[in-house]
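**Q** Using our numbering, the letters of the sequence shown correspond one by one to residues 1204 to 1293.
Do not rely on the hints blindly, as some may be mistaken.
[Claimed, not checked] Below, in silico cross-link-like pairs of lysine to aspartate or glutamate (EDC-like), each with a Cα-Cα straight-line distance of 16 angstroms or less: (1) Lys1241 to Glu1262; (2) Lys1241 to Glu1219; (3) Lys1241 to Glu1226; (4) Lys1241 to Glu1216.
Derived from the structure by calculation, the hints contain no laboratory data.
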Amino acid sequence: MNISGIVVRARPERREQVCSRLERLDGVEVHASSEEGKLVVTVEATGERQLTERVMNIESVPGVLAVSLVYHQYEEDERLDEIVEQEAER
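From just these sequences and the hints, can you work out the full model?
**A** Rendered as structure tokens:
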């Protein structure tokens, strides 16, 4: 599983449309946005190819000016299951 943190810069006047469009993309979640058009987004993907495709889909959304990768983590699916189980036990 690839998990990436991304900052998306959108045209301020298109921010709401961009957020709405991004939320409809598989594996993409918008966590925050500012009136200036800065969006905090996470992208989950099963592999690098899928991650690249999802980032390219974000870049192609009308109103998106820039996409910057700020965090990336790869975990084996078994390790993620273990982490989730540990957190659930707390």
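**Q** Now, for every hint given, state plainly whether the structure supports it.
**A** Structure-based check of each hint:
no. : hint               : in the structure
1   : Lys1241 to Glu1262 : 14 angstroms, holds
2   : Lys1241 to Glu1219 : 11 angstroms, holds
3   : Lys1241 to Glu1226 : 15 angstroms, holds
4   : Lys1241 to Glu1216 : 12 angstroms, holds
Comparing the model with each numbered hint stated earlier shows that all of them hold.
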